[in-house]
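Participant: As you go down the protein sequences, you meet chains A and B in turn.
Numbering follows this note's numbering, in which position 22 of the first sequence is assigned residue number 22; successive positions increment by one, without gaps.
Numbering follows this note's numbering, in which position 10 of the second sequence is assigned residue number 10; successive positions increment by one, without gaps.
Quick caveat, the hints were computed from the structure, so don't treat them as lab data.
Some hints here could point you the wrong way.
What the hints assert, rightly or not - Pulled a few chain B residues facing chain A out of the computed Cβ check, cut under 7 Å:
1) Thr93
2) Ser106
3) Pro107
4) Ser177
5) Thr178
6) Leu179
7) Ala181
8) Thr184
Treat the numbers as computed from the prediction; the structure is a model and nothing was measured.
The beta-carbon is built from N, C-alpha and C at its ideal position, and this holds for glycine as well.
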Amino acid sequence: MLHIYCPHCGEYRDEEEFHSVGQAHIARPLDPEACSDEEWGEYLFFRKNPRGLHHELWVHSAGCRKFFNMTRDTQTYEIKEVYKIGEQPTVVVQLQAVSGAQS
Amino acid sequence: MSDVTSTTKLEQAATKAAVMNQLPADKESLGQSPLHHADFASAAKRGAQKGGIHLSELALLGHLTLRCDAGNLEQLAAVEAILGVPLPLTPLTSVEKGAYSVRWMSPDEWLILVPGLEAFSIESQFRDAMPGHYSLVNSSGGSTVLMLSGDNAVELLQKSTTIDWHLSVFPVGKVVSTLFAKSTATIRRTDDQRFELIIRRSFADYIWLWIQDASLEYGLVIEA
Ligand SMILES: [Zn+2]
Numbered sequence: 001m002l003h004i005y006c007p008h009c010g011e012y013r014d015e016e017e018f019h020s021v022g023q024a025h026i027a028r029p030l031d032p033e034a035c036s037d038e039e040w041g042e043y044l045f046f047r048k049n050p051r052g053l054h055h056e057l058w059v060h061s062a063g064c065r066k067f068f069n070m071t072r073d074t075q076t077y078e079i080k081e082v083y084k085i086g087e088q089p090t091v092v093v094q095l096q097a098v099s100g101a102q103s
Numbered sequence: 001m002s003d004v005t006s007t008t009k010l011e012q013a014a015t016k017a018a019v020m021n022q023l024p025a026d027k028e029s030l031g032q033s034p035l036h037h038a039d040f041a042s043a044a045k046r047g048a049q050k051g052g053i054h055l056s057e058l059a060l061l062g063h064l065t066l067r068c069d070a071g072n073l074e075q076l077a078a079v080e081a082i083l084g085v086p087l088p089l090t091p092l093t094s095v096e097k098g099a100y101s102v103r104w105m106s107p108d109e110w111l112i113l114v115p116g117l118e119a120f121s122i123e124s125q126f127r128d129a130m131p132g133h134y135s136l137v138n139s140s141g142g143s144t145v146l147m148l149s150g151d152n153a154v155e156l157l158q159k160s161t162t163i164d165w166h167l168s169v170f171p172v173g174k175v176v177s178t179l180f181a182k183s184t185a186t187i188r189r190t191d192d193q194r195f196e197l198i199i200r201r202s203f204a205d206y207i208w209l210w211i212q213d214a215s216l217e218y219g220l221v222i223e224a
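Take these sequences, add in the hints, and give me the full structure.
Facilitator: Here it is, written out as structure tokens:
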């Protein structure tokens, strides 16, 4: 059972009170009419499924009923941070040195 | 928060168009509590007079759900003028003045309880005085209030919820919306061993049965 901090209520609550709503930071295309089928399909249906850090949207459904973001490790289930809608995560995947050529 | 900061005259008029007094015209009958069938009045006389759990219903109060902008000082002033008490802006807190009480429900939502016969007059005052973009819904018929007290009240809540009820983290006046058994409740501590449960009408019977079962080991005293 996860112990989740709600940034709106300002305290930890049991996982039972929350629902996960999937990947966070999905921006709706500003002009849907101008999208190709592929772009619109990507927006609607395609989601990340990382092993490791994942930014997710959650809702405190039995509490304040507000949405917020959570960065969670999908491998260990460790919650790295929670942050409000409109804010950016501070815990992000560090980009590795791209090519092995330099080492 | 809403990005709507001002409303036109037309919109102001629209906020008043849908206002209606939900009470019957005779002004005497307030309707029927969802726990009418439980007949607390008779149970209080015939039932146990001693026990660790005391239960009563505050039936047919006026429940007003207010949504507005916590950063809008004009709105906050209007609310304070109407209720005589400022909105609790700190999460999970409540305020009480006379027969009026206000609970923080969410950063932009509060639940106001008033005497049943006053609900419409207070609602009308909001329509007249509240500036800007807001919402006020009279949800009186949708829920009811149970008062739970006694030496074992905390134990009953511990069985029914996942909240930490220790006084050091759950002081008098704190309010939480949470899961209660397999339903939900908004629970406020009104004294060390006294709690107010606001429950949904459709779950009232289920919670009544649950409380009877959960208090078997302590003894249940119904108060009219
Ligand atoms: Zn919350």
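Participant: Against which earlier hints does the structure fall short, listed by number upward?
Facilitator: 1, 7
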